[in-house]
Amino acid sequence: MHLIFFIVFAGFCLAGAINLLLQSHPINSALSLIVVMTSLAVLYLLLGAEFLAIAQVIVYAGAIMVLFTFVVMLLNAGREDRTLGSRAALRIGFPAAVAILALIATVILHAQGLGVARLSDGITTTEELSAVLFTKLLLPFEVTSVLILIAIRGAVALASHDGSKAERTGDR
Amino acid sequence: MTILQFLLWSLLKVAVVTVVMLLGVAYTVLLERKLVGRIQNRWGPSRVGPFGLLQPLVDGAKSFLKEDIIPTGVYRPLYLIAPMIALGCALISIAVVPFGEPVSVAGSPHLFQIADVNIGLLVILGVTSIGVYGIALAGWSSNNKYSLLGALRSSAQMVSYELALGLSLVGVVLRAGTFNLRLIVEQQSAQGMLSWNLFGGMQFVAFFIYLMAAYAETNRSPFDLPEAESELTGGYHTEYSSMKFAMFFMAEYANMITVGCVATLLFLGGWTSPFGDLIPPPQNIFVHSLFPIFWFVLKVFSFLFLYVWVRGTLPRFRYDQLMNFGWRWLMPLAILNIVATSLWLAYAKN
Numbered sequence: 001m002h003l004i005f006f007i008v009f010a011g012f013c014l015a016g017a018i019n020l021l022l023q024s025h026p027i028n029s030a031l032s033l034i035v036v037m038t039s040l041a042v043l044y045l046l047l048g049a050e051f052l053a054i055a056q057v058i059v060y061a062g063a064i065m066v067l068f069t070f071v072v073m074l075l076n077a078g079r080e081d082r083t084l085g086s087r088a089a090l091r092i093g094f095p096a097a098v099a100i101l102a103l104i105a106t107v108i109l110h111a112q113g114l115g116v117a118r119l120s121d122g123i124t125t126t127e128e129l130s131a132v133l134f135t136k137l138l139l140p141f142e143v144t145s146v147l148i149l150i151a152i153r154g155a156v157a158l159a160s161h162d163g164s165k166a167e168r169t170g171d172r
Numbered sequence: 173m174t175i176l177q178f179l180l181w182s183l184l185k186v187a188v189v190t191v192v193m194l195l196g197v198a199y200t201v202l203l204e205r206k207l208v209g210r211i212q213n214r215w216g217p218s219r220v221g222p223f224g225l226l227q228p229l230v231d232g233a234k235s236f237l238k239e240d241i242i243p244t245g246v247y248r249p250l251y252l253i254a255p256m257i258a259l260g261c262a263l264i265s266i267a268v269v270p271f272g273e274p275v276s277v278a279g280s281p282h283l284f285q286i287a288d289v290n291i292g293l294l295v296i297l298g299v300t301s302i303g304v305y306g307i308a309l310a311g312w313s314s315n316n317k318y319s320l321l322g323a324l325r326s327s328a329q330m331v332s333y334e335l336a337l338g339l340s341l342v343g344v345v346l347r348a349g350t351f352n353l354r355l356i357v358e359q360q361s362a363q364g365m366l367s368w369n370l371f372g373g374m375q376f377v378a379f380f381i382y383l384m385a386a387y388a389e390t391n392r393s394p395f396d397l398p399e400a401e402s403e404l405t406g407g408y409h410t411e412y413s414s415m416k417f418a419m420f421f422m423a424e425y426a427n428m429i430t431v432g433c434v435a436t437l438l439f440l441g442g443w444t445s446p447f448g449d450l451i452p453p454p455q456n457i458f459v460h461s462l463f464p465i466f467w468f469v470l471k472v473f474s475f476l477f478l479y480v481w482v483r484g485t486l487p488r489f490r491y492d493q494l495m496n497f498g499w500r501w502l503m504p505l506a507i508l509n510i511v512a513t514s515l516w517l518a519y520a521k522n
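As given, the protein sequences belong to chains C and X, one line each in that order.
In terms of my numbering, the first sequence is residues 1 to 172.
In terms of my numbering, the second sequence is residues 173 to 522.
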């Protein structure tokens, strides 16, 4: 049962990812990305990570992708022209991508102590997750929140103060 | 229980809940028209059937029979899929709502809830956040400036108020220590009204934040800017006709009902009686299991009543007022509520 679900949603995920690259209209690509993210959420759920799954839906599919579609809608971006790309990219790019993927795969396969994830009925509840997050991993968690705060502050600074000044000087 | 049994039971529950939900949607529309009529000192629909009670059925038949117009300029695939996303998401989120006490007959799963999941509350929020796409895509694919503006307003509004909405629920979750809707209700069942999160849990600030964010989240007046008729001739569904328009309409009312269900579950003690044990539970087994449903429906109904009352009373916000209110008032207030609740919980624990 788990395996069937895994195959179906992994298929969705891959199909969405390939469709993302093949579509020439930006909004179709954005929608394919949503398909990828929601099927990823189902895969997380199959691994028993229910909180992660729903966070993936709320944060990525629900919030971030809305901003993507927003930008596409506001710019009213039209159909893109299809180019074959440079010859160098064709010749080097594909082998390079294969090499990098192979490297990552070997490193992961050889690495020890990564932990095991299995398709199973077992579920990591939110209580267990937060217990680990707020005791064992408290420092990284807090540091990440400070990092995000800095990023927000930076975005606000860029958008409000310096950005408008640069625009004004640019006009002159 | 085998997988086949589980599937059959689930299908049955889904079918029943969908039918009841759609009927509820139809009669919420009638309730709104009647009540707004009374507020504006007129009768509202009164011709079809006794007291106009058959009006929703006639309206449904009418929207089925209307000509389905697809304008030439639209982007067809998204234009066709948008109403389905909107209505689908509106109907899916009811799946995790428990309507009554856990009752099972002849080895069946929990009868009055389709899926009892650990993260029920988050599922509702997640599905709602996907529902934004229905509106956004409808506005964009219509290729009409009013539709696009309506969709932009609507999705901006939904994204910003989702924050206040989610944060206002954190207080309740902190008190309950779980996202499971059934457990959240069961924790409020001890002393009737006094143990509801709204009164006993001191979550009234959170309740009012939720109330206002919910109005904005469902695009209802006084936050109905996305379809402000005087400015946008109908907003994101300007170019839709016939059943596709009806699907957006149904999605809006289904969302209202879901939001009412969540308010009932989180703040008003769900299916539990407001009088606690003052009224002894009835002995008859059928009455005993249907009594909680009565309370649940009554609470959701009063929430819908309030919805319509607000619509009939308040004028529409301006767009900048809307954004100011959401970001500068509701969100900080919700964060303060979280801080206060956590401090209180920490104090109570020691």
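For the record, the hints were derived by calculation from the structure and aren't laboratory data.
The structure displayed is predicted, hence computed values, not measured ones.
Just so you know, not all the hints are guaranteed correct.
[Stated by the list, open to error] Where chain X lies over chain C, by a calculated footprint (3+ residues, C-beta under 8 Å):
1. 48-54
2. 123-131
[Said to hold, decoys possible] Facing chain X, according to a computed beta carbon distance under 7 Å, are these residues of chain C, among others:
3. Met37
4. Ile58
5. Gly62
6. Leu75
7. His110
8. Ile152
From the three backbone atoms N, C-alpha and C, an ideal C-beta is built for every residue, glycine too.
Exercise for the section: List in ascending order the numbers of the hints, as given earlier, that are violated by the structure. Expected result: The structure conflicts with hints 3, 6, 7 and 8, although it agrees with all the remaining ones.
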